[in-house]
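A.B. asks: If you read the protein sequences in the order shown, they are chains W, B, A, F and R.
Quick note: the first sequence uses the numbering used here, first residue 8, plus one each step.
Quick note: the second sequence uses the numbering used here, first residue 8, plus one each step.
Quick note: the third sequence uses the numbering used here, first residue 277, plus one each step.
Quick note: the fourth sequence uses the numbering used here, first residue 476, plus one each step.
Quick note: the fifth sequence uses the numbering used here, first residue 15, plus one each step.
I should point out that these hints are in silico values taken from the structure, not numbers from a laboratory.
Keep in mind it's a predicted model, so treat the numbers as computed, not measured.
There could be a bad hint or two in this list.
[Unchecked claim] Calculated pairs, SDA-like style, for lysine to any residue (alpha carbon to alpha carbon, straight line, at most 25 angstroms):
1. K171/W to F151/W
2. K417/R to K436/A
3. K941/F to D181/W
4. K832/A to I473/R
5. K836/F to E187/W
6. K417/R to Q475/A
7. K638/F to K194/W
8. K436/A to M371/R
9. K583/F to R94/B
[Stated by the list, open to error] One side only, chain B facing chain F, incomplete, derived with CB under 7 angstroms:
10. V17
11. V30
12. L47
13. A53
14. D63
15. F69
16. V73
17. S79
18. I89
19. W91
20. M103
[Said to hold, decoys possible] Chain R stretches covered by chain F per the calculated footprint, using a threshold of three residues with CB under 8 angstroms from any CB of chain F:
21. 145-151
22. 156-168
23. 429-441
24. 489-502
Backbone N, C-alpha and C fix where the C-beta goes; we use that ideal spot for every residue, glycine too.
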Amino acid sequence: MFEAIAFYLFAFLTIAMFFIAVTTSQALYALTSLAAGMIFISAFFFILGADFLGAVQIVVYSGAVMALYAFGMMFFDTTRDVKEKNGNKYIVVGLSVVSAILVVAIFSAPLVSENITALYPMVEGAGNTQEVGLVLFTKYLVPFEVAAVMLLVAMIAGIVLAGKDMDLSLTLLDDNEIEEIKNKQMKKVL
Amino acid sequence: MEIGLNHYLVLSTILFAIGLIGVMRRKNLLLLFFATEILLNSVNIAFAAISHYYGDLTGQMFAFFVIAIAASEVAVGLGLLIVWHKRHGTIDLDTMSTMRG
Amino acid sequence: MEFYLYLALFAPLAGSLFAALFGASPKTIVAGLVPSILLFVSFVSSTVLLVHILSGGAVVHVEMMTWMATGDLYIPFGFVVDQVSVTMMMVVTVVSTVVHFYSIGYMDHDKGFNRFFSYLSAFVFSMMVLVMSDNFAGLFIGWEGVGLCSWLLIGFWYHKESATWAANEAFIMNRIADLGMLVGIFLVYWNTGTLQYEQAFAAMPSLGTDILTLMGIFLFIGAMGKSAQFPLHTWLADAMEGPTPVSALIHAATMVTAGVYLVVRAHPLYDLIPNVGLFIASLGAFVALFAASMALVNRDMKRIIAYSTLSQLGYMFVAAGLGAYWVALFHLMAHAFFKALLFLGAGNVMHAMHDELDPFKMGGLRKVMKGTFIMMTLASVALAGIYPFAGFFSKDLILEVAFVEHHYIIYTVLLFTAGLTAFYSFRLVALIFHGEERYKLFGIHPHEAYKFMLVAMSPLLLLAIIAGSFKMSYFEMVTQVLPELEYHIHHPVTFWIMTIGTQLFVIAAIIFAYRKYANAKVTVPDGTSKIENRLCYKVLSNQYYIPYAYEEYVVKPYRELSTVLWKQVDMKIVDATVDGIAGIIYGTGEKTRDMQSGNLSTMLKWMVAGTVGLLSLAVVFGLAVRYSAEIKAILSGLGV
Amino acid sequence: MLAPVNVSLESLNLMTLAPMLIPIIGALVILVIDMLKSKLDRSLYVVLSLLFLIMDFSTIIDSSSIFMKDGTLMGVFDVMLIDGLAILSQFIIVGASILFIPLALSHKRFHEFAYPEFFALFLFMIGGFQFMVATDNLILVFVGLETSSLALYTLIAMHNRDKSFEAAVKYFTMGALAAGLYSFGAMVFYALTGSVEISKIAAVLAANGYADLAYVLIGVVFMLAAFAFKLSLVPFHTWAPDVYEGSSAAMAGYMSIVPKIAAFVVAMRLFEFLIHSGVVWLEIVLYIFVIVTMTAANIWALVQTDVKRMLAYSSVSHAGFVMAAILIGTTQSNSALFLYWILFSFTNLGSFSMLWLSRQKHLPAHQNSDHSYDKFAGMIKTSPIAATIMGVFMLSLAGIPPFALFWGKVYLISSAVTSGYTVLALIMALNSAIAGYYYVKLIVYMFMKEPIIGNDGHMYVANATKPLRTIIGIAAIGTIFAFLAINPLLEFITSFVYNSGY
Amino acid sequence: MLDHILSILIFFPAIAGVFGFMIQKDSVRAYGVAVATIEFALSLWLWFSFDSNVSGMQFMEQLPLVPAFGINYILGVDGISLFIIILAAFFTMIGIASLTETKDVKNMIISLLFLQMTMVGVFAALDAIVFYIFWELSLVPMLYIIGAWGGPLRIYASVKFFLYTFAGSLVMLVGMLFMAYFYFQATGVWSFAILEWYRLILPENFQLWLFAAFFVGFAIKVPMFPFHTWLPYAHGQAPTIGSVILAAILLKMGTYAFIRFSLPMFPDASAFFMFPIAILAIIMIVYTAMVAYAQEDVKQVVAYSSVSHMGVIILGTFALNVEGISGSIFLMIAHGVVSGALFLLVGVIYDRRHTKMMNQFGGLASVMPRYATIFGLMLMASVGMPLTINFVGEFLSLLGFYKQSHVLTILAGTAIIVGAIYMLAAYKKMFFGTVTIEENKNLPDVNKRELLALVPLAIITVWLGVYPNPVLAPINKSVESIVQLMHDKSITEEAKSRIPNLVHGIEITRTTVEEAH
């Protein structure tokens, strides 16, 4: 019973938050509601016994991602109203509603193959984090490492793109201009 | 009233649809990125739920990686936006249609 | 004898090539003389062959080399000198030798002198191939060859629009007939398996009448073209645009008789199909009358003679069609001589009159041109068929044939035509040589032609007079290959009545002509006289409006249809379809490239739309699978 | 309590990781070098990357010999899957990268090559692709895909001009949407089968006889959408022309080959079993995709005025063409896919390199895009060899024999014929004819028009250096003399594909 | 060397073409003439060494190309292809020798040499894919030649030519792949070897479809009505040499392919489609002849006349008997010579006056008598005058088809009438009458270089018209074997009765594909 109440409550909340996040014209509202929605989602994780996931969700999303976005927003100065000219709203709404109805219609039908043998079953008595750790560092070791590489890539990408070197485009300069700039930089160093 | 897997799947779908709405109607790139986060998050709920109902950890693993991916995307996306904003002072995607046809 | 055969055949070719060497250089007498001499050589060889045949020698048959051989088809270059072909060879070589020598004088002042002899000799060569070939394909070579030379020679003065037009007309009309000929050849090949005369004719009796009739008709269509039979006759009159020796040689004596030769040559075939023969005879009779009627009022000297030729060809076809092949051939020979003579005489007159052709503008020329006057008068007498000239023997024979075969309508027509022939011939003679000297009005100073030209013509004159006397020896010779049919009116009274009657009728016509045209009252018609405004005069002088009809209803529509096919069908339908398909593809691209608006939002919408589209498809399909039984039930309920 | 896990090192088959690790290590080495000493010349990094890629290539050769001996190999807790497809596609990925990387040594300086990070990211990207193809675990596919994609977005943006940012942002945003679709699709499959490994998914689905067909289709739809994006199938292709135009020509050429082959391999793994299990819907949908993509992209390519954009649409069209191989799904067609793509890489990389060779920094007034058709007018007059080579590439793309792509086309159409897809074969053939138009259009400009006044031909080779010429030479030789290599290639590919069970 | 003479014939010009890049611009013409002459000499040697008593393939070569897929490099000639190869070599030679183009002459000559490779390749190939390679490749140099040296509409014309033919041949390619697949089904081995395909007996409905697929490719190449509209543009815009080669050789590829592929591979379909194709051929003959009559540009007249003559060739081919097929092959050669010469002649006047409109001429016979003579000769050959080369082919083609249908042959026979009409009209417009235009008054007659090209053609025209046997005999031999093969292979009553059974038949092996789906 508790589960049902919690489910419906959080379901309502997440839907509401996300709905605000995609519809509001106030960027700040959008950010806030998105962050709230993220946190509510972690609630589902906790309900479903995925404690580790819940924690990660809060830390990564509500912490890191939202902080990044907040920075970005300040940088872009989008705190004021965002004017968005939308062409045809019917297309947007129509497409989404149709897709939702279709998928929901199918998903409300029960899955036939409910009794699936779990490949990596949850073990009684072990904490979720432990279990996750065990699977993550055996079976999913490679993806985990690749994910690390991915984060490294993202980091490098962020640094490169946001870095100062991008301000001056070598692509658009002639070779002799590039030489001049180089010489100037050399002088500065000296 | 038992909450079954289907409930979660439906919820996930609804959230996904909201994400799609956002993707389609947002013209501000930053807010558009929000919508893509919603997409990924909605799927995460479903993964966790399936994982729970099947007693299988793979779903959680998937959700975990999805979170990692979402985070990386944010980094790259913001980097791109910063560059664009530096040049043009706007992140409205309607300004971004020099190539067409 | 083979040597003489080759000599007779190839001497003209050598002459032609020799003259062609000088084709682009200015006139040299050599270019005229050498071909003429070579032709004389050919004539002598032909005579040797004639003597050989006459003296009972075997038919000379040679096979020079293979021409085409594929599948079951085998066509050699084979030549045969038998009684029929040797006759033709003699006619051809005699007339052409005369014409060659004559032309040296006639073409004296012409720039294209060398070229002329080249063409003329080439023509003789082609004609020799035509008559000497031992198979249908070889015949066709000559057939087309003479057509080509005819084209070249009619259009000899190519700067004249009328000449080139006439040349093309002649060629194209002949081509129409040649198609028939070609089809006839195909029929012969596929039904007898060969194109050699001997084998083919040998195989024919075993074939069905339908096939034979078809063969006969198609071959005769070929003959109709060459011999200018109705309705393919218009080219012959127009062909008079060529130099007069050409008219004499090609359009009177030799080429136009090729059709008769073909029918004679194919007599084993036509013997098997008398119905076709009757048709040929009827057509011949019709043409004889028809052409003669047009000659009555014509005001062009050469055309009158041309129509006369046409009319005489009709006679020949009557004979050939009625199975009297040797008679046809005999008339062919006799006609060749006097008609060539007539033409050459006309050439002299033209020379004298500076290419004036209207006899009404002449008159009284007998004083200046005595030789020509005599020759032309005698030739006309021969043409009219007065005893004892050549025409009497041959033409009278044809009348007898018609009578004996009980084709009285044909007989009557021919008889009537004989009168017309006499009238128009002497109308011409009278207008040219008698009466007032009307030419003076036009300031022309006529003069007689070169002596040697007259001398050159004299053999023809001689032959025109005496050819009739060869009748019996000729009969004996030629009937060794042709059906031996003697035509005798059984009752001597009938015979005499007929002969004398005919003669009287003809003479009456001559007198009438003289009375009407050999007096001082004749003036140059200016289109106002009463007779000229009569309907029948107009019809006749416009050649029954047939050339007009051809122009209006065949040539013009063809030209217009061609333009329509090109501009409307080819460009606007066929080509435009292709371009249209390309255009549609390209246009679709132009119209739909807006899909790529460059706006990110649109792109995202496309992606979502694509997904939703797939999703809908999936759901439809999923439902259809899940409820397939029900759907089937409903569909069957609906009667699908 | 959790039981301790005992894993023997041998059973891990760590060898399977070697090819992917090499580029990653290489990237790290480059980063370290940059940290130790900055402002080193790009040639160092090019050569370093080249070395690592060659090492990578040789390890793939190594694993291919292992595959030939032992067949399909699983490794590291069965996450890695080294089968024929993985090896073949890695050959293409690494081979094309080897051909690409020297293009950085252009005569003119461009922004991205000034960064050592460019090369590091490039190597990371290759690693990502390699992971993507060498596994049937949807998680690793996803992570590998994102690793490479994120690197790719950055590489595009690093060209550093407005169009490239625009391109990167567009690509990125759509990629993010595609990532959402992918994860949703994976979720559905997971919900259906409790597994994220394609082989297991196939097994489970087969075991219950596709009872939840509607669910399966939902999963397929989302997966299909995600891969259609990656493979640029119409209407998910909209990014392709813009991104190609925005990035440098060399990068565009690279993009038309490597990411797509990776996506093809995954699509093949994922869809092939569905088609073989008789999911007619997928067959129909793929049929539609193939035809629409080929035709529509061709039609749009017709109306382009910029060569690079035309080539972008042409690449889309080629992708649609090759997608037919997956639809047909026989050993012959799958072999044809690889054959086609190998030949396509030579030709397409060659033609984009030719564009790269002629890259100008400042456009003259009459030219309104980097590589407009007019620019190539009369090229034969001023630089005949370059024009001839470009002409050969165009003819090859059009499928004129005996140039490279013809063989791919023949084999692919033949596979359609063999499987009874007559209409498809005809449509494929006729599309080649439509495509002929725009390829010939460039030839027309190069060979039949007069050069614009003042064009001395220098601009066609303005960016040329020895390495660039070498690469183009290799591509040209590969394109022209392909017929000599077809037989060994075909036998090699067929045995690999066949032994992998496709 | 004789073992590889075909390969040498194919690749010698191409290799020479590659080396041609190194030659200085002014000397390249001499180089081109030298190469083409050597090539022609080689082709004559081929003829010399050819054994005309053998009906099958000679000088065969085989190299594996893609054995895994049944593609091999197989070459060989028989009487059918031998003379077209010689003709190709000959025309390239005189084409280069008489070349008057001065702009980018180096590129032109190199293109011509490459074109020669493809032309010889098409006729020597005995593997469908190798055939297809050369077939397609031939489009490229032609595209360049038309597009770079042509008239004002050259680009439109060249692209149209390219795309039209390309589209058609792609359909043909699909047909080839099907054929290979059927062969695979029947024997378990992939093969594209034409001679192997000959042994395959297909069910009738398969034959019909495959025939149709091949037909599209061939018909566009020929070009048959209604696929002919690329031709007038291509000819009208192409430079002289382009038109010459196009008319003389490239068009023959289509008709050659009919004889090489369609007839022996699909005898029943050939018999089935005989009448529809004959009707198309007749439309080609009459319709294009009429269109030719309406033309104002003399080159277009010759171009449309080509289509018209190709109609006769098609008709002869589908006579399905030895006479017709031999005739059509001979007519291919004849038409090559004659139309090639006519295009050369048009080029002569175009070089002098830079116009091809007939109303710009008139009375040329007096200004350029030698030119008029040669033109006249070729004109007469074109209208099928006996003792010229064309007549033999036309006569045999029509003769052959007469066996199949009387009425259609009579309709087709109008070729000799309508052909004469447009040709004579054109000749009259150009050569007869008086010179009215000032520029025409002092036109120089044909010069030595032009005579160098024209006189040999004139000699051939007459020589082969008078004595066609050296060419006809080998053709006949090979055609007999093909007809016999068709008769033996045919399965329907219709075809059996249409295709004659020759007494001296040849042995063939049978393989059926009843199991093919």
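A.B. asks: Go through the numbered hints given earlier and state which of them the structure violates, listing their numbers in rising order.
C.D. replies: When the structure is compared with the hints, numbers 1, 2, 4, 7, 10, 18, 23, 24 turn out to be violated.
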